[in-house]
Amino acid sequence: MIAWEWIPRNAGQLAEAAVDHVVLTVIAVAGGLVISLALTIVIHADRRWYGPVTGVAGALYTIPSLALFAVLVPVTGLSVVTAEIGLVSYTLLILVRNLVAGLDAVPPDVREASLGMGLSPVQRLVRVEMPLAIPYLIGGLRVATVTTIGLVMVTALIGEGGLGQVMLRGFSFRNWTAVYTGAALTMSLAVVADVVLVLLGRTLTPWARAGRGRGG
Amino acid sequence: MPGPGVQPEESPPVLDTPDRAAHRAATVEYDHVTKHYDATQVRKGVPGAVNDLSLTVPAGKICVLVGPSGCGKTTSLKMVNRLIEPTSGRILLDGVDAGTRNVTELRRSIGYVIQQTGLFPHQTIEENVGTIPRLLGWPAARRRSRAEELLAVVGLDPAKYARRYPAQLSGGERQRVGVARALAADPPIMLMDEPFGAVDPIVRERLQNEFLRLQETIAKTILFVTHDIDEAIKMGDLVAVMQAGGVLAQFGPPAEILAQPASEFVARFVGADRGLKRLSLFRIGTLPLQDVPTARVGDDAAAARRLALADSFTHLLLLDAERRPVGWIRDGEIPTEGVLTAGMADPASPVLDRRTTLKDALSMLLENDVQAGVVVDRTGALRGVATVAQIVSWTRETRSEGAPNPAGPDPADGRPSGDGAGA
Numbered sequence: 004m005i006a007w008e009w010i011p012r013n014a015g016q017l018a019e020a021a022v023d024h025v026v027l028t029v030i031a032v033a034g035g036l037v038i039s040l041a042l043t044i045v046i047h048a049d050r051r052w053y054g055p056v057t058g059v060a061g062a063l064y065t066i067p068s069l070a071l072f073a074v075l076v077p078v079t080g081l082s083v084v085t086a087e088i089g090l091v092s093y094t095l096l097i098l099v100r101n102l103v104a105g106l107d108a109v110p111p112d113v114r115e116a117s118l119g120m121g122l123s124p125v126q127r128l129v130r131v132e133m134p135l136a137i138p139y140l141i142g143g144l145r146v147a148t149v150t151t152i153g154l155v156m157v158t159a160l161i162g163e164g165g166l167g168q169v170m171l172r173g174f175s176f177r178n179w180t181a182v183y184t185g186a187a188l189t190m191s192l193a194v195v196a197d198v199v200l201v202l203l204g205r206t207l208t209p210w211a212r213a214g215r216g217r218g219g
Numbered sequence: 320m321p322g323p324g325v326q327p328e329e330s331p332p333v334l335d336t337p338d339r340a341a342h343r344a345a346t347v348e349y350d351h352v353t354k355h356y357d358a359t360q361v362r363k364g365v366p367g368a369v370n371d372l373s374l375t376v377p378a379g380k381i382c383v384l385v386g387p388s389g390c391g392k393t394t395s396l397k398m399v400n401r402l403i404e405p406t407s408g409r410i411l412l413d414g415v416d417a418g419t420r421n422v423t424e425l426r427r428s429i430g431y432v433i434q435q436t437g438l439f440p441h442q443t444i445e446e447n448v449g450t451i452p453r454l455l456g457w458p459a460a461r462r463r464s465r466a467e468e469l470l471a472v473v474g475l476d477p478a479k480y481a482r483r484y485p486a487q488l489s490g491g492e493r494q495r496v497g498v499a500r501a502l503a504a505d506p507p508i509m510l511m512d513e514p515f516g517a518v519d520p521i522v523r524e525r526l527q528n529e530f531l532r533l534q535e536t537i538a539k540t541i542l543f544v545t546h547d548i549d550e551a552i553k554m555g556d557l558v559a560v561m562q563a564g565g566v567l568a569q570f571g572p573p574a575e576i577l578a579q580p581a582s583e584f585v586a587r588f589v590g591a592d593r594g595l596k597r598l599s600l601f602r603i604g605t606l607p608l609q610d611v612p613t614a615r616v617g618d619d620a621a622a623a624r625r626l627a628l629a630d631s632f633t634h635l636l637l638l639d640a641e642r643r644p645v646g647w648i649r650d651g652e653i654p655t656e657g658v659l660t661a662g663m664a665d666p667a668s669p670v671l672d673r674r675t676t677l678k679d680a681l682s683m684l685l686e687n688d689v690q691a692g693v694v695v696d697r698t699g700a701l702r703g704v705a706t707v708a709q710i711v712s713w714t715r716e717t718r719s720e721g722a723p724n725p726a727g728p729d730p731a732d733g734r735p736s737g738d739g740a741g742a
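Chains A and B supply the protein sequences, listed in that same order.
Letter 177 of the first sequence, counting from 1, is numbered 180 in this note's numbering, and no numbers are missing.
Letter 232 of the second sequence, counting from 1, is numbered 551 in this note's numbering, and no numbers are missing.
Don't read these hints as lab results, they were simulated from the structure.
It is possible that part of the hints are untrue.
Coverage of chain B stretches by chain A, computed from C-beta distances (three or more under 8 Å per stretch; other residues unrestricted) [said to hold, decoys possible]:
#1 431-439
#2 442-454
If you want the ones that stay clear, here's a sample from chain B, every Cβ over 10 Å from chain A, calculated [to be verified]:
#3 PRO377
#4 GLY408
#5 ARG525
#6 SER582
#7 SER599
#8 LEU626
#9 ASP630
#10 ASP639
#11 GLN690
#12 ILE710
#13 TRP713
Among chain A residues calculated to face chain B with C-beta under 7 Å, some are [unchecked claim]:
#14 GLU115
#15 MET120
#16 VAL131
#17 LEU135
Yeah, the Cβ is synthetic: ideal placement off N, Cα and C, and Gly gets one too.
Assemble the whole structure, with the sequences as input and the hints as a guide.
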């Protein structure tokens with residue numbers, strides 16, 4: 004059922020699609036992160052924004068992806084912009100929630116000491132609270148990234164899609180090799196991205212592994 | 320011999336940085352300070368209102384705020400660095416109203432030590448100690464040398480600890496780092512909120528002694544909050560006893576609080592064992608210590624035996640080359656030939672720092688069921704021996720002299736009323 008010789012013959016095209024897939028994912032997650040950081044800072048400054056922000060992000064999250072793209076196409080056309088608007092929207096809920104949870108998890112004594120030593124609000128956020136929220140941020144990025152890699156496939160229906168395109172064409176031409184190859188490569192991308200984020204998290208938080216054996 | 324410009328004081332390491340004037344400290348004056356919480360906060364059970372607090376802490380003194388929970392002692396402390404703003408009244412630091420100063424600058428000029436330490440878990444010990452220097456824009460090299468200097472001052476080897484993270488330290492070690500961090504920019508004032516409250520009693524006793532020793536050289540103005548009257552008596556040059564509702568019940572040197580409680584509340588708070596607590600006023604180092612026969616490891620045993628048997632004391636104290644106690648040997652058990660070795664001696668416990676209070680010393684002696692404790696100086700070298708009988712008889716002698724407080728200031732400095740001298 005699988006025509007193995009098809010794969011090397013189309014290696015160039017597959018590589019191109021994989022690169023597209025990665026680029027679409029990176030733009031979506033990076034864009035989502037920037038927006039989420041901004042929203043988190045707003046929430047951090049005034050807690051009353053938490054309900055409205057997560058409400059809107061949650062509403063976006065519940066819109067079926069296909070429906071969202073259908074609504075956007077008349078406005079932004081069959082374009083990368085349309086794809087990215089959808090993809091970014093889906094990252095916001097998980098990223099904002101995790102970032103806020105990370106800031107909330109800063110121990111009260113650390114917060115009090117940073118205040119009492121005369122760190123300005125920006126210094127507290129940048130030097131103390133954000134670094135301590137990194138484990139939560141990484142947790143959010145892992146979920147957001149893996150989800151986005153899956154959702155990028157759906158954007159094949161509006162002419163983007165990376166490896167999703169490979170699969171879509173495979174369906175049209177009953178080329179099961181293309182379908183399976185696209186699916187397998189997408190899964191591999193998700194696994195690799197997850198591992199990369201875990202390693203990144205470890206590199207960024209050397210203190211988290213320090214001295215587990217001691218204390219008291 | 321001393322010329323006109325010669326300072327008689329030794330220059331301690333903590334003040335060695337050349338660009339710093341020695342012994343920076345500031346007067347702290349509460350001037351009719353009141354903190355009221357509004358009705359909603361009161362209903363939520365926010366404790367710690369403060370009611371018309373006036374007191375003056377002279378520069379370079381330790382003032383302990385002590386009282387039951389909810390008495391406003393922590394609130395009073397936090398109004399100095401404006402973590403809490405007073406409802407009315409002023410707090411004057413060297414005559415300047417704290418309320419008029421830029422709040423971040425004010426906080427950077429006040430050392431702040433809290434019970435849970437508040438060390439930044441994601442930064443190394445060295446980075447933690449360098450927090451305020453970094454805010455003040457010191458170059459990295461200077462921050463590093465200052466951090467190393469301070470770690471050594473609080474008894475942590477910089478080579479071993481500078482690169483570690485707080486999670487790799489014990490509770491007592493973290494507390495020392497907290498003190499080092501607060502001292503980093505040489506602030507004239509330190510605020511300490513139950514700084515030794517989270518460590519076990521033995522470590523607490525040691526940290527208290529070390530801090531008192533440190534204060535001898537840094538001479539900061541220190542506001543120190545505790546709920547423990549024994550700690551207040553031991554640490555304070557002045558003690559402010561507060562009661563529910565944020566009312567100052569009594570303010571004065573600890574000896575005065577013990578000898579003449581100003582009210583029923585103070586008497587009850589100080590406790591029925593005031594006589595015993597008076598022992599906390601005196602350090603073992605001030606006691607006339609007893610000499611005992613000693614010998615060093617490697618000395619001729621026969622000579623040591625003769626010396627020990629000639630003395631009325633039943634044991635010989637064995638010392639190492641630096642005169643640090645190794646242990647006791649019963650005089651009859653000293654060999655008649657050969658040399659003395661460390662293995663012959665029973666470990667010399669308990670070893671008492673010269674700053675240990677008589678109360679703690681007595682407690683340790685009774686606990687270990689021994690008659691004599693070995694008193695050592697800051698290098699661990701022998702100063703002498705203190706016995707239970709000595710402590711008891713010395714206390715009896717001093718009782719008739721009233722209540723001297725060796726560390727206390729002139730009593731006129733420390734009255735709640737009558738210090739209208741302000742800005």
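Hint by hint, which ones does this structure get wrong, listed from lowest number up?
-> none
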